[in-house]
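**Student:** Can you build the whole structure from these sequences, using the hints too?
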Amino acid sequence: MLSCTVICVIFSIVILGIRSEISCTFSRSTKKVKCGSQECSANTDDTPVGEYKLGAVEWNSGKERNWVNLYPKKKSGSGYWDYYCENPDSGRSKIALHPGSVSQGCISVPDSQCWGKLETLLKQQTPYSFSVTGVEHSGLGYLTTFSCNGNWLNSQKIKTVSVIGSLQVTS
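Per mature numbering (1 follows the signal peptide of the UniProt record, and there is no 0): the sequence shown = residues -20 to -1, 1 to 151.
The hints are simulated quantities; they were obtained by calculation from the structure and are not laboratory data.
Just so you know, not all the hints are guaranteed correct.
Claimed, not checked - With a cut-off of at most 25 Å between alpha-carbon atoms, the simulated PhoX-like pairs for lysine-lysine come out as follows: (1) K97 - K12; (2) K14 - K74; (3) K97 - K14; (4) K55 - K137; (5) K43 - K14.
To be verified - Quick list of simulated restraints, FRET-style, between CB atoms: (6) S109 - K43: 21 to 27 Å; (7) I138 - D91: 35 to 41 Å; (8) P90 - W39: 16 to 22 Å; (9) D69 - K97: 29 to 35 Å; (10) S109 - Q148: 19 to 25 Å; (11) S109 - S58: 14 to 20 Å; (12) E44 - Q148: 26 to 32 Å; (13) S9 - S83: 16 to 22 Å.
Don't be surprised by glycine CBs; every beta carbon is placed ideally from N, CA and C.
**Tutor:** The structure is reproduced here in structure tokens:
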């Protein structure tokens, strides 16, 4: 016979949609990224300090490897910015967690074995839909811009992305 606790937990997860998500940290001073019990040395040149949502692990065809987009929390605390748009709080865009060497603003894990373990852990997380402020599409012909502030080509929009957890970047 199932205990009341087990039944309540199952009810909460299935009926109420309560989910658990992974929580990660990255210290710029120690150059370590940690998700759950997996810790890896990592590089960055200027990833802004703050809170981010971790996107679901995705294949980046331009880089020929898996990639995790980072969605920065707005300084106002009223939501998160899209990966693709220039964040007016930091002036940065396209910040990610990925394998390989240093790339501008990203957190990169140079040790392929450590990245493999981290990637496996991240892939085990269940993605869920999350709203960010950004742009769905903008540009005319060859000119494509991504802006969080909007202009005559585009305006701020709420965009739905898939995320798996959070990342705290500290100095």
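**Student:** For the hint 19 to 25 Å, verify it against the beta carbon of S109 and that of Q148.
**Tutor:** holds, 22 Å
**Student:** Between the alpha carbons of K55 and K137, is the straight-line distance 25 Å or under?
**Tutor:** holds, 18 Å
**Student:** Hint says 26 to 32 Å; check whether the CB-CB distance for E44 and Q148 agrees.
**Tutor:** holds, 29 Å
**Student:** For S109 and K43, compare the CB-CB distance with the range 21 to 27 Å and indicate the outcome.
**Tutor:** Check passed, 25 Å falls within 21 to 27 Å.
**Student:** Does the Cβ distance between S109 and S58 fall inside 14 to 20 Å?
**Tutor:** holds, 18 Å
**Student:** Kindly confirm whether 16 to 22 Å is satisfied by the beta carbon distance between S9 and S83.
**Tutor:** Holds: the Cβ-Cβ distance is about 20 Å, inside 16 to 22 Å.
**Student:** Quick one, are K43 and K14 close enough, alpha carbons at most 25 Å?
**Tutor:** Measuring from Cα to Cα gives roughly 23 Å; hence the hint holds.
**Student:** Are K14 and K74 close enough, with their CA atoms no more than 25 Å apart?
**Tutor:** holds, 21 Å
**Student:** Are K97 and K12 close enough, with their CA atoms no more than 25 Å apart?
**Tutor:** Judged against 25 Å, a Cα distance of about 14 Å means the pair holds.
**Student:** Between I138 and D91, does the C-beta distance stay in 35 to 41 Å?
**Tutor:** holds, 37 Å
**Student:** Mind checking the hinted window 16 to 22 Å against the Cβ distance between P90 and W39?
**Tutor:** Roughly 20 Å apart at Cβ, these two residues keep to the hinted range, so it holds.
**Student:** Regarding the pair K97 and K14, is the alpha-carbon distance no greater than 25 Å?
**Tutor:** It holds: about 11 Å lies between the C-alpha atoms, which stays within 25 Å.
Checked against the numbered hints above, the structure violates none of them.
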